[in-house]
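Peer 1: Sequence:
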Amino acid sequence: MFIVKKTIKGSVYYYLRKSVRVDGKVKAKTLAYLGKDKSEAEKKAKEYLDESSRDSKSHKTKSIKNSMEKEKEKSSNIFKTTNIKISIEELTNFCKRKGFVYPSGEIYGGLAGFWDYGHLGTEFKNNIKKAWWKFHVQKRMDIVGIDGSIITNPKVWEASGHVRSFVDIAVVCKKCGTKSKVDKHELDTATCEKCDGELESKGEFNPMFTTLVGPIKDDSTLAYLRPETAQLIFSNFKLVQENARLKLPFGIAQIGKSFRNEIAPRNFIFRCREFEQMEIEYFIDPEKSEEVPQDLKKIQNLKVNIYSSQMQEKNLDPIKMKISAALKNSLIKLPWHAYWLATELNWFIGLGANINNFRLRQHTKEEKSHYATDTWDIEYEFPFGWKELEGIADRGTYDLEEHEKFSKKDLKIITGNSKKILPMVVAEPSLGVERAFIVFMLEAYSNSEKKNIILKLNPLLSPIKVAILPLVKKDKNLVKISMKIYNSLKENFNATYDETGSIGRRYARNDEIGTPFCITIDNDSIINSDVTIRNRDNGEQKRISIDSIEDILRKLISGNLKFKEL
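For any residue, its number in our numbering is found by taking its place in the sequence shown, counting from 1, and adding 113.
These are computed hints drawn from the structure, not numbers from a lab. Given the structure is predicted, the values throughout are model-derived calculations rather than measurements. All C-beta atoms, glycine included, are put in the ideal place defined by N, C-alpha and C. Hints are not guaranteed to be accurate.
Stated by the list, open to error - Derived CB-CB ranges, DEER-like: (1) K315 with N530: 48 to 58 angstroms; (2) Y161 with K564: 47 to 57 angstroms; (3) W246 with Q423: 19 to 29 angstroms; (4) K156 with S132: 19 to 29 angstroms; (5) E160 with N605: 46 to 56 angstroms.
Using the sequences and the hints given, assemble the complete structure.
Peer 2: In structure tokens:
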């Protein structure tokens, strides 16, 4: 802007003008008449410029506020969600697209039965294991944990029977050519899972992976990648019992990798060649197998579909009943078995699973091991049918007896009444991490009314706990506050910071990967030192103070506070 002096008929006049471009040409536009006196003109020009600057700032502030209000309105609607059924192929694609699970070495074509976990899948899988360990080990007085080696002395597997009798039958469908495996007792009755065609036996095979220990082949020792985690619990039993000063009844738990050379890995991570197990061997005095666990009363009223061996033999449908009724009617033979079946179901229910998607199936006479009093599977209705999720077997004293015989070591312990006994395994809850992974994903996969994917994972399992979102990324004050909150929260929570795209799009991105809470920083945050916290499951929003964020998040994630109570 500039002052122009004009002389008209001998008189001097002053004007305020600015240069503007019109039709590609620069022209002078008059903004104001400033009078006839030069000093007065300069004073009026300064006043005009100051007022113009204030108007511009006011307009800009209003524009930003209006923009913020529109962003808030766009994303403040509360919605309802519906759990939807998807195929295992759709789940596989979703997990790959969002960074949960990839085929291992995919750039080289992958390798059947092996999977790699992405940035979200790693966090999710670790959270499943952490939740299992806390529930089964850290919150109990009667269970301790170990971490056994993947490769151990091969005599362990000779003693356990894996070397001589851990065999399956390889079969091929005569109709569609699909390769699979069956147990010996299933050979005469099993049909192809894909087309229901007749199966042809290709002989027995042992699914254990072998390896050589030692760099020089002639001096090396043949060893095995462990096919299960249980045997390291048995081989370390006496040491753990003595070191941890355990008294019966007690359990030993372990989470770890196992390997089986499956003939036909399939259904995503349901059946893999490399997998992780979460397992407990629970020991009692064999003479007290009929005793009722103290905590059974707390969980015996749980209702679930029961599918006994007798029902299967007579082609009857499962019956929904209380655990206590199944025990009373001798469908479940031992109180300890009833206790562990209910306990394991409660772990899934406590993390958001629907009990109607589970059932308890008893092993038939042909399936049951010779040493077992009773064996049950917790089955889940996967997209490809009812399949085993978790096995719970009564192994008796078989394993410890075999290890005593092969090792020539005494594995008996002294009871409280100074009696020397070999404890029995009354229950062996054995769960695959990958199968639990699938279950929690299927239980969480939902749609909003706008057909957006909402992954309604329990906050304890969610890969990312909270997202920090400045409403407008160009506002330096908002970004500064947001980064301060993010840097503070990431000390105790797995948090993410996102400033790209509209606020609605950022909410949707976090909903899709299961982030339970979003913290939005807006213009009111500068004035009132508060933020908006948003609930993933229904879009509800509340204002909370910045100072209270960490405490509120901790309570929300642990379940000690409901969002509606804010």
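Peer 1: If a hint holds in the structure, say so; if it does not, say that too.
Peer 2: Now for the hints, and whether the structure bears them out:
no.	hint	in the structure
1	K315 with N530: 48 to 58 angstroms	54 angstroms, holds
2	Y161 with K564: 47 to 57 angstroms	55 angstroms, holds
3	W246 with Q423: 19 to 29 angstroms	36 angstroms, violated
4	K156 with S132: 19 to 29 angstroms	23 angstroms, holds
5	E160 with N605: 46 to 56 angstroms	55 angstroms, holds
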